[in-house]
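Peer 1: Chains as they are written, first to last, in the numbering used here: chain H, 1 to 395; chain B, 1001 to 1257.
In case anyone wonders, no lab produced these hints; they're calculated from the structure. Any given hint could be a false lead.
Unchecked claim - Calculated cross-link-like contacts (lysine-lysine; reagent style PhoX-like; alpha-carbon spacing at most 20 Å):
{"no.": "1", "chain 1": "H", "residue 1": "Lys98", "chain 2": "H", "residue 2": "Lys35"}
{"no.": "2", "chain 1": "H", "residue 1": "Lys99", "chain 2": "H", "residue 2": "Lys24"}
{"no.": "3", "chain 1": "H", "residue 1": "Lys24", "chain 2": "H", "residue 2": "Lys98"}
{"no.": "4", "chain 1": "B", "residue 1": "Lys1158", "chain 2": "H", "residue 2": "Lys24"}
{"no.": "5", "chain 1": "B", "residue 1": "Lys1158", "chain 2": "H", "residue 2": "Lys4"}
{"no.": "6", "chain 1": "B", "residue 1": "Lys1192", "chain 2": "B", "residue 2": "Lys1158"}
What the hints assert, rightly or not - Covered stretches of chain B, as calculated for chain H (at least 3 residues, CB under 8 Å):
{"no.": "7", "region": "1081-1093"}
{"no.": "8", "region": "1098-1106"}
{"no.": "9", "region": "1118-1126"}
{"no.": "10", "region": "1164-1178"}
{"no.": "11", "region": "1246-1252"}
Ideal Cβ positions, reconstructed from N, Cα and C, are used throughout, including at glycine.
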Amino acid sequence: MEKKGRFGEFGGQYVPETLMPVLKEVEEAYLAAQKDPEFQAELKRLYSEYAGRPSRLYYAEKMTKDLGGAKIYLKREDLNHTGSHKINNVLGQVLLAKKMGKKRVIAETGAGQHGVATATAAALMGLECEIFMGKIDTDRQALNVYRMELLGAKVHAVTSGTQVLKDAVNEAMREWAGRMDDTLYVLGSVMGPHPFPTIVRDFQKVIGEEIKEQLKEKEGRLPDAVIACVGGGSNAMGSFYEFINDKEVQLIGCEAAGEGADTPRNAATIANGRLGVFHGMKSLFCQNQYGQIDEVYSISAGLDYPGIGPEHAMLHETGRAQYVPITDVEAVEAFEYLSRTEGIIPAVESSHAVAYARKLAPTMRPDQIIVITVSGRGDKDVAAIARYRGVQIYE
Amino acid sequence: MSRIKKAFENGKAFIPFLTGGDPDIATTEQLIHVMEENGADLIEIGVPFSDPIAEGVVIQAADERALKGGVTTDDLFAMVKRVRQTSQIPLVFMTYYNPVFSYGNEKFLANCQDCGIDGIIIPDLPFEESDEIRGTCQKYGIDLINMIAPTSEERIEKIAKSAEGFLYCVSSLGVTGVRDNITTNVGAMIEKVRQYSDIPCCIGFGISGAEQAKKMGAVSDGVIVGSAIVRIIAEHGKDSAGPVGEYVKMMKAAANS
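Let the sequences and hints guide you as you build the complete structure.
Peer 2: Take a look at the structure:
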């Protein structure tokens, strides 16, 4: 039988029968769009003129000097329109929705970045937009909820299950199973059933392509390491993909270890997960012995996910990429460190990548190069970090 | 002959669903007997899952109650084994793929055979992915129940041709849950199945009242009801036997009226 969308044994299409035909419809439309010069030209124009691509590759000189090892570059996805890498994917998918004749897009969101990006693209392209967000996340990211509403989207606070990102995905899938004729589910990460892990990776791979080109221009060579944070894994996959065949480039994903990978409160899927099937894909998941999906925890709402995209699971299994756990404490310190050292406030998600670079750089030589993908900006996290530090401020 | 075939020997089958362990294992065990005594032809036992993406709010809540109560897959195997000491009613598990896969397909299905489960329904394991478990199901004599949906159309042929036990015909788009109106032409879906297979076709999703049971019974071989029963159990808890029994009796009659 034909097995679609496999990355080694990972991936696949584990969804209810009701959704199988629409997945095929999305796959066919996507394959057509890839070959359609008009679609590609329009996407390129949006990337450039609307999102502000290419994003900058910035030499973090002070950080480099302070850490006293490898030379550090920051890939500034935080400078994109809407403040994160999420815009790369949604411009592609919402444009695809439009080409498919869909009138409405739905999406899940954790921190709110993907929701904001989807609402933005929907406003731009004149589609209706509804966002599903866990009730706990709507509370801790209230500003992003208002932002989505400002952009014309309807936000549903999801009260089922654990009321966070995984439950938002459940609810978006349920909604899509009830209404697919005029609706595309714009999945936010390299996860879910085929074709989403491939589509999202393809729309995000521009990050790594730009890194390669920009670094070649600045340094005339490849980086020694590319570091990115991983929840579902879209900014990491986008950063890594171009380098997969450049074996000398170390690829490092930083997952959220919350209060510690060996404590009950974490979201470190590679460290603690095992093979399972959930949200349409076979991959690694944090789960109990009976296959019940764990409630996971991270200070970062965007990494608070019990699974990981199937292509990452494969890169882990083959050893092509390494995945390291970063705790809340380390991420918050990195958040503050980059703010003070470079005047760049990174998203708390991206801070996980910055945290690992702080450990890795001093072990490397000054003629070596690390690229950190700063996947988003940290404005959305300022209030939460203040609370974490015991400071009460009014948003 | 497999026990599932017997479900279709007594007019239109009435197939009630309940979530295993909601509100506790003892009540589930009692309700299975009550359902049988009141005319159920086959019973679907839900193995609760933390993230049941094909369920509406009623069954989601039942899964949450059962899991909070601490029920495990092993408890359900043990419960079915006790039921089998006195009952030959066809029993199928309805669950999601992860509770099966994570437990180990081989071990899960061997335990199904051992305790006396006759079939398994896995809504998030579509036809294209089902071959990774089909052989193991056959090895242990467990029917893998296929599903078709209103969107299936040209997919019906291959799904119907590989169907075992009965074919679960999803009446409506969306998730499980009571609906006032079923707008899909389910009769036409079943006629299409008939071109390829004589497998019994049962209709589920959205059915709650006698009038719907009558209508759906008229165009199919059986009627499946989940949320409406789970709602009774949610309301009456451990004292559900009376109202669930009456409801099953009423619906069995309606499906055959």
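Peer 1: Now tell me, hint by hint, if it's right for this structure.
Peer 2: Consistency of the hints with the structure:
no.	hint	verdict
1	H/Lys98 / H/Lys35	16 Å, holds
2	H/Lys99 / H/Lys24	15 Å, holds
3	H/Lys24 / H/Lys98	17 Å, holds
4	B/Lys1158 / H/Lys24	16 Å, holds
5	B/Lys1158 / H/Lys4	17 Å, holds
6	B/Lys1192 / B/Lys1158	12 Å, holds
7	1081-1093	violated (count 0)
8	1098-1106	holds (count 6)
9	1118-1126	holds (count 4)
10	1164-1178	holds (count 4)
11	1246-1252	violated (count 0)
The structure is inconsistent with the numbered hints 7, 11, although it conforms to all the rest.
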